[in-house]
Structures are given as C-alpha cells and as structure tokens.
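S.K.: If you want the building blocks of each chain, they are given just below.
Number of protein chains: 2
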Amino acid sequence: MPVFTEHSSSSRNLRVLPSFAAPLPRPAPPFEPQSNGEKYEVVIVGAGPAGLMLNLLLSRYGLSDTSLLCIDSKPSTLKTGQADGVQPRTLEVFKTLGISDEIENEACHMWQFAFWNPSNDKDKIIERTAVVPEVLAPSRFSYEATIHQGRIERIMETDLLRYSKRGVLRNTRLVDVRIDEESDAEFPVVVTMDTNGEEKVVRTKHLVGADGAHSIVRQCMGLRLEGESLDHIWGVIDLVADTDFPDIRRRCAIHSPAGSVMVIPRERISTGEYLTRLYVHVPETVVPDNDQDQVLDANGAVKAEDARQRRSKITQDGILQQAADAMKPYYIRPKDGVVDWWAAYQIGQRVSPQFIVNDSQGVGRVFIVGDACHTHSPKAGQGMNVSMMDSYNLAWKLIYHVNGLAPEPTATGTPTPLLDSYQTERHQIAQQLIDFDRKFSTMFSGKMGATEGLTQEEFQQAFKLGNGFTSGCGVEYPESTVVLRDDLEDSTSPVKGTDYLSGILRPGRRLLDVRLLRHADGSPRHIHDDIPSTGRFRVLCLASTDLLDRQSVSARALDAVSGLMTTFPVSIIELIVLHPKLHRPFEWDDVPTCVKQRAEMRFHDGSALDDAYAIYGVDPAKGALAVIRPDGYVGVVARLDHVSRVEEYLKRCIRTVNEG
Amino acid sequence: MPVFTEHSSSSRNLRVLPSFAAPLPRPAPPFEPQSNGEKYEVVIVGAGPAGLMLNLLLSRYGLSDTSLLCIDSKPSTLKTGQADGVQPRTLEVFKTLGISDEIENEACHMWQFAFWNPSNDKDKIIERTAVVPEVLAPSRFSYEATIHQGRIERIMETDLLRYSKRGVLRNTRLVDVRIDEESDAEFPVVVTMDTNGEEKVVRTKHLVGADGAHSIVRQCMGLRLEGESLDHIWGVIDLVADTDFPDIRRRCAIHSPAGSVMVIPRERISTGEYLTRLYVHVPETVVPDNDQDQVLDANGAVKAEDARQRRSKITQDGILQQAADAMKPYYIRPKDGVVDWWAAYQIGQRVSPQFIVNDSQGVGRVFIVGDACHTHSPKAGQGMNVSMMDSYNLAWKLIYHVNGLAPEPTATGTPTPLLDSYQTERHQIAQQLIDFDRKFSTMFSGKMGATEGLTQEEFQQAFKLGNGFTSGCGVEYPESTVVLRDDLEDSTSPVKGTDYLSGILRPGRRLLDVRLLRHADGSPRHIHDDIPSTGRFRVLCLASTDLLDRQSVSARALDAVSGLMTTFPVSIIELIVLHPKLHRPFEWDDVPTCVKQRAEMRFHDGSALDDAYAIYGVDPAKGALAVIRPDGYVGVVARLDHVSRVEEYLKRCIRTVNEG
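Line by line, the protein sequences are chains A and B.
Each step along the first sequence adds one to the number in the UniProt record's numbering, with nothing skipped, and position 466 is 466.
Each step along the second sequence adds one to the number in the UniProt record's numbering, with nothing skipped, and position 350 is 350.
Treat the hints with care, as some may be off.
Label pairs and their computed distance ranges (CB to CB) [claimed, not checked]: (1) L17/B / R170/A: 41 to 49 Å; (2) R584/A / R333/B: 27 to 35 Å; (3) K165/B / T498/A: 53 to 61 Å; (4) S493/B / Q597/A: 55 to 63 Å; (5) Q361/B / K74/A: 36 to 44 Å; (6) Q597/A / T192/B: 56 to 64 Å; (7) E127/B / E648/A: 44 to 52 Å.
Calculated from the structure, these hints are not laboratory results.
Where a beta carbon is used, it is the ideal one built from N, C-alpha and C, also for glycine.
Isolated chain A, as found in the complex:
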C-alpha cells in the first residue's frame, strides 16, 4: 500500500505487547520501602501451584516487587511433579486470567471415565461395564485436563514475569516466622530466611505459607494438621504404554480379581507419543504412621521406621507387575522398557483447624494455603486444584485489605471480616475434600465385584454424586460477610429453583458461564469473559422485559445501580447488563443512558444463544440483580426494586468514598 503520509502517537508503539491486567486502585497511602531494614506488605513462602497463584494474582492487582516477596527453597519450578489433573473450575479460573490456552491446546483432555469390573465370563476376566462423561457438572470446560504439574507452574511463572521483574526469589529457605507487635505493630511478622546460604531477616505486614505438607510456617505458628492415616499403600507410575487394553486413552477405574488400577491418560510428549499414568493399589499393608509425629517433627524425618521398612519394599517392577496383573487378559508394559517416573505413597488425610493467625488486634497476619493446611490422596485429582483455589480465594481479600479497599473496621465485631472469610470459606472446603477423599479412596482401594464389598453401581453412583466436588464446580461457601443469603427463602426472591449446580443463581456458588450475544457488535460472548480476574466486583443486572419503557423497574434499577457505583472507588465495580427477549428491536437510545456509559461492551442479549434467564432461575418478567465477587462467586442476589440490598452487600466488602 503506497502510503505517502503517516503520523503516529507515541503510545501506539506499545500496542505490540499482549494485554496487561489493569491494577486495582489504592486508597491506602503508597507503600514506600523504609530505611530501617527490609520490609514488605506481603511475603509468600513457597512457589508451588498455590504460592505461584497467589504471587501472580497479587502482582496483577498491583503489588510491586518492593511490596511483595515470594521465596522458594528450590532452584527452579518443579520438574518431577506429582499432580497432573486440572479441574474444569480451575480451567475456568485460568481462562479468566488469560493463561488457559496452553492447557486447552496441549494437555490431555479427559472426556470419559470407563469402569472395568470382573466379568462373569471367566475367559474375559474383566469387562467394561460403563463409560460415563468425566465431567457431569455444567461448566465452560466439559473435561478434566491432565498435564505435568511443572508445566502448570511454568505457565504461571511465565505470566508472573510480565508483572514482576524479580519473580520468585529462589534458593531461599524459610528458617523462622514469628509475630512481634511490640517492635513494629505495622510490620509485625518477622521472617528469618536462608538465601543462598546467607541468613536474612525481613519484616512484613502479612505472610502466607504455601510451603507444602511439611510447612515450616504452619509449624512455627504452632498449628497442627489433624486427621488420621489409612493403611493403604499406592504406587503411581508414568509411562508410554505398550498395551492392547482398549481404553488406555480413557480414565479408567479397573477392579479386577487381581487388584485395582486407575488409568489416567496424559499429555502428548515431544516424541509424539502419549503418556499414561497408572495408580495401583499395592497389596502390602502397613501399620498406620503416627501422622502427627511425622508432621510435627521439625527435621521432617519419619519416625515410624517399621512402616518405612515395609514401604521400601515397593519397587518399580512390583508396581508394574501389579498393574499388569490387574489388567489381564490385556497386556501392558512400558514402551522400550522405559518408565518416565514412579513413586509410592501412603494415603493420609489431614487438615489444619486454623488457616489464619491473627495479631493481638484480631488482624490476620499469617495465612496458610494449599498442602500446608490440608493433605490427602491424589487420586481424585484434587490437590493442586484445591490448593490454587485457596490462593484464588485469599488473594482479593488480602489485596483489598492491603490497598485500603476493604471497609473501615467497625467498633463491634472482628476488625477484618473480609480476611476472616478466608478461613470460613476454605476450611469448610478442605474438610469436604478430606471427607470426600476418604470415601473415594476407601472405595477405590477396596475389592469390588458381584459377590463382595461395594458393587460397581455403588462406585459409579458415588462418582456421580462427587462430581460437583471433583469438578470444582459444586463448591458452595457458607454465609458470611461476603455471602449474603438470608432472605432468599422467602417468596419475594427473584431467583426460583434449587438446581444450583446447573446454574440457578446462589450466593456462595460461582456464576455459571453462559453464552450471550453482545448488543454493540453482535459478537457471541461468554459471560466469564466479562468477569476477568482483575479483582473487580461486578453488578450483574438481568433486566426485565420492561427495559425499553422509560420509567420501568429495570430503568430505575439501572440508574440506581449506576448512582451507587459512584460511591465506591473508581473502577472497582463494573456493570454487566443482560436483557431478555424483548417485544421489538431497539437502539442505544431506547435504553437508559447509563447502559452505554457503563456497560457498552458488557450489554448482552441473554436469550439469543443460551437462555441465560432460565439457567440462572430468573423470570424475564421480573429480572434480578446479582453481585459477582472478584473470584467469580455470587455474593448476593436481589430484586430489581431492591438495590439497597446490593448496596448493603457492597458496603460489607468495599469502602465507600466521599461520604460524610
């Protein structure tokens, strides 16, 4: 194209880069490093999935390297990871962070779960008795992805480095943590670390322990993991399988007279071949460990020597033989005799009763996330997911507190209800995880068949019931500061229905994704694309069929919400507007001015693609309002003529401006 004149603004030169998330506003005074020693606002210990997720979120929210420090004792991201499953809900979250692509493109997608059980035909030995979808809960992603944990960590760390110059400070081991308010009440957490062999002491306002099952943070805070250990021993092996087993690319629960195997198909590797993971139940049983001793032993040594000796007998060949026996009459062996990775472990379920340590004023100073507060078996593919979701829950609460976005403490009650809700919400999930895992592991470890123990129907049923949990989509937080649910039972509730897993709006559950048609450009959209993980609250207005009338309930509600938004810090609340099927075509002029002003690119037809109103349980004639929290969970639901309820909820979560 023969251009003969060209002029460009300077900002244009930056347009070649990928988009960055906009940082959150900060009413609090800017953090400035002080001369009297190294100080931070937040220190994170551990850069596994939970620590990296927190580090990434806080960096995106706007904490700089001077305010935020993440340390890890390892020299690089995990290379020999154990976890491999990414749940649909975790994928949804990755998508709202813009980091799901590599998993979508390159992970193994498990769409189906096959059940193999003893056959009545003795020649067949085992037979496929059912194939069910792997993910039963409605979700933006209808599969579970499997991929090397080290790769998940690398994806997050790569993105982190767009926001943080330093990234994770590696080769740095936590030595000690204590709370010392007397010397410095603003930075009461004293952190002693060993960085490349040198001891260093820093202070911080808050510290998060994401340092795994043997968490030093937890031990320094005197917190105990509580629970019991079952006596099942499992072996796990990753290999390129040479096999004639027909379902090697499906997730399988195989119960054979010779034992049990779980088959987890994995991603393609550089040779073009596909990995398979096998979990086998090793018949050797051991005396249960005293897990408390094991956990509390500061040296990390396992004391139960007896059990240890027995476990040490478990070998690669033993695991392989066990798998081969359970899969007969089919053969399975490692291609070219090479095993990619193997490990053995004993199932133990434990949870810390306390996830937060407060200072004397009741302000949360030390938090634990992930394996540091709950450990369990790996088979339901939960661990990495629940751990990252701990951080996803904590991150926005912590930044609201640090940035001065949280409401001022009131005279009565806890001074930091927003922070406290981390314990309320995630401890319940951890307990559910432990309970579910115990049930699932026991079932899976037990023998199965027509004549003894659990029937395969019972096993399948348990799988189906647990799917809301294992997919991550069925999580429901209890009522708290950030979940307002009290009056929903009455007849005036704008939401009807109870099938929350299928999308009925429910405070405490995540907003289900629906497909919408955008008014401005006729572009099909996912509502999840309107709730990226940028730390903002969203008011979702499902306008009613009267939207085009000037003095309608919908118009008044929109105007009131629009006005309400101005009482909070700029940009902290975004408006999303859906409309139902209306009786005539319309233009921007026909809807309240605030719709174009505040939601030009977030104003959608809620009936053209999915029937969003039906999915959310909202009557198009009545409409509804909902507040979506920064982590995508519904905080409150209200009638269109009840904007004061939305206001009440928002004031619990966000400080107001220009008042009084």
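With chain A's structure known, arrange chain B on it following the hints.
M.R.: Below, chain B without anything else, positioned relative to chain A:
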C-alpha cells in the same frame, strides 16, 4: 501427598516447556557451513508478515541458523503498522501453528458488517439498511479479527525465537542480489548486504524477497510490477471514538450524500478503551502517478511532483472532518482530541508477472512474496493475509526441495515442478486479488444512492460474492503437479457436489474443518487439529460402511495405504481415518490393525458431531480417499479401490525410498 519413594527419567525434566513442532526428515546430506565464505541454504530478505511467516515455517521444519538467514533493515518489529485485518483462513493457519490464541483472545472480532446509506427521510440523512455476517464462508473461525500489524509480527517473532537462536538479523539492508552460477553452481545466489554499516557478501542456494512494495530483490532481478493506478485518494485514521453513531463497534460501509466512510472496529487497548479505524474517501483527486517509474526508481523517490503536492494537502483535520460529515447526523470525534495514528494513500493495483527467477538449469533460485509481488488497497483487509499465505504456500515446497524430500527430476519437463507450482498457484491468487480490489475499491469510492451510481443492493451483492475471497476460504488453485483433478468429472468420482466453499472435497481448495469424535478417548476434535503445519502430507481415509468386515473395500484400502506409506521417508505421511455411522459398536479388534498402528489418535467418528461425509460430499456407502497437502489444501481425491491414484499423486510430491 506424602510420597516416600520417587524416581524420574531425565527426559521428564523437559516436560515443562510448551510443545515444539517435530522437524522434517532430511534425506539430503546435512548442511555444513563451508570454510570458503559464508553460505546459506535460504536467505530471506524482509521480516514483515510474509518474511516472518516463511522464516518461522522453515525454522520449524528444521532449518537451523547456519542454514537459514532472515535479514531486515528495521531495528525491530513494525510499531506503526498499517494492516490490521486477519482473515478466517489466516486464523485457521495460525491455529495449525499454535499461535492463534492471542488473536482469538485479544483481537477485535468482527462478526457483522452493517450497511448505511442515504435515507429517504431527509432528517435522518443516513440509515442502516442491512446487517450481514462479516464471514459468510464456512470456516473454523466465523469472524474477521482486527489487531495491530506490529502485534501479529511480534507473535510470529516470539514463536520464531523458540526455534531460532539468532532470530531476524536486524539493521541489515539488502544492497544487491545476483545469480552467479559460474563461480559456485550449488550456491549461485550472491547477496550483498549492509549490516550495521558494514558491507557483507554471502552466497545462498535460494533467496526469498519479502521486502515489500519497493522490493530491492524484485528490482535487482529486473522484475516489474505491472498494473494501473486509479486516482482515488484515501485517508485512514485510528482513534478512540467519542460518538453517538450506534454501529461504531461493527464494520460499516457508510455511504452518505457527503461522502463515504468505512468503519473498522479494532482491539481493546491498555486504557480499557477500544480503537476504531476509519477509512475516508478524500474528494481531492490527483493525476495518476506513473507507477512504473515510481516503482523502478532505485532511489525510491516519487517523480510525479504534481500529484505529490496535491496529496500533501491532506491533513488529519481534513480526514476527520470528512468522516464527521459523512456520518452526520451522528457526531464523531477523537476522545480527548487524541488521534492514535493516521495516514493517507492513493489506491494502486499492481502485480509482478513473475514470482520466481530460475537459474540456467531451470531451478528456482530467487522468489518474491507478499507486497514485493502484488500491491493493492487495504480496504478489503487482504494485504497482510495474502502476503503470509504466499509464504505458507512456498515454505513446504522450498523445504522439500532443500531437504531432498522432493522427487528426483525426470529427464523430461521442468526440473523443479514442486517449486514451480508456487508461481502457478500464487500468481493466480495475486491477479484475483488485484481484480477484486479494483472492483471493491471503485465501488466503495464511488457515490451511491437511490438516484446515482451503484445501488446499495449491488454493493451488498458484491460483498457477498467476494466473501469467499475476502475470507481467504474460497481460494482454489489450478491444476498442477500438486493439484490432481483431471478425472473428477466422470461418474466414478467418489465426491458428489459442487458447493466447494461449503466443504465438498475439491483438489486445489483447503480442507474445511469439521468436528469429529475420537475413537480412542471419546474426545471431540477438530480435523484441523490433525493437520498441524508440520510439513507433513496426510492421507485422509473416509472409510465406508463396510469397515467392520474383514475383507471389505475399506479394509483393503487401509492396508494398501499403510503399505504405500512405507515407500516414503518415515513420518512424512500421516494417516487420518474417519468412519461413518456403523451398524454396531466396535472395538479396536474389529478394524484393520493398521488403524491403531498408524492412526490411534487420528481415528474418528465422522457422524457423531458434524456430518463429515455429507459436508465433504462423500457417500458413506462408498467412502473416499484424499491427500491433504502440508498447507492444508486437498491435493487429490480417489475412490477407496483406487489407491494407485493416491500413489501417483504422492510420487509427484515426495521422493520414495528403498526402491530399485
């Protein structure tokens, strides 16, 4: 998870990286840099979209930095790009390269094209007369994406750097190219360049000129762009629009009594605002340039001083005023008075009659791609796309030649038919592009209305007809070495139908994407995911309904194809197998062994999601074979009992092994 034993293979440590494309085999002797001066196998001049695409593909195919050199005179990727449109077909190609995500996530997606025309109601002045889908041709992507050209370049360059340590050699200007067979017939192309002010001479087997409209390569080779210049002048401006025009987020062709404007919505920028591009037809007309002089002038100076003076009168304010006038009664102005970028140009359509320069033996040595061989107006969003597709067409032919994968020359005919097909295929497209652009530009520049010139119905009709071309999905290459179509007209053809744009298999057209259900894991797939841009040929077998019978036509065809594959270099041909709806469920044991051996993860149910057989025009009772070229185009179609036709085709494209 309390692991107590863990062992890992060393290769496992690499699993954290994103996948790499597997390089092509190389029957030719390895390239080793010789001591007598710097030599390359391929030198690329210019790292715009066309040059980067070629560089990226050849690097992925396996050419190392010692064998492949790409130079560019600029110090970095384009910052102030002009092109912005990415066609559905280009997106399909990016997807097969694994580099489409950022465009899918962050570009503006144009789904609709709105037509605004003079209204009979004088108060309205203009009115929206139609909204049609932007993309009418079936495609994996049903929208056109718009995004800053510099960003497209950055995406390709980032990926390139995974394969090439050097990347593009920048600040390096081509000075001269000539062919000198006498001194060195193996490396006959002599390249003189100025790299950071130092002159340097290198030799290469092949050189590709991707150096834009004023191509030095083209000039050195004595090739001329031919064509004419119309006398329309256009202004283009990028801005964040403050406007009450209701369709500012749709692509619009606005014809007003006061002039014409084309509105192109663009991506969101870091402020959270959205860019808009406006093309306006500036009423000032000029004497047409002597384009040949302009092009051939080695100093790059434009001689037509008269025209130049007139054009220099075009200013930012003039363009804005013109746009504002044409959009009345709506207002439009740059938000905060800031314009992002603006330029003015004169429409000229030219094409080089020759895209290849051969040596005395008839071997293609110098190639030109992109703007170096065709220039035209930007309005149909063609330029960047057609340019990258030139390279996409050339890349696999060039690597087959360089790597010794192409058939040995026969005594009769051209020695390099594979290379020659680049000219056959892409010159025709360039000519079509010029013809289309001339028609489209004239239409768009012309006045329109009820009383004069083209009617809006005619304009819309032209848009619809042109959509196969503008989407990139309607490209059809003529018969050649690599497109075998001769006997398809007869009644024995396995493909029925002529609606090629909608997917009927047609040698010379790209294979339309369809959705399939994979046998191995029940995973829904796109067939395009089975044809990544790794340089491989694929034999696509649409098995017939007799697949489960042992001695069926399908089984014999599959065995024959499997045998045929062994006569070509290992891994150069991949097998994809579809099956129609069959009369009973089946297992791997029920289909020919070669299906699992060669296509375990590429064996799909072709009726469970899309009806692939109907889309491709294949009778499920008869089935069909097709060969898909490395660039995704169908090369040949054959009956299941006519594997020799597949063999004939493949032998035209690929050398055989172990023969004679």
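S.K.: Which hint numbers doesn't this structure obey?
M.R.: The structure breaks hints 1, 5; every other hint is satisfied.
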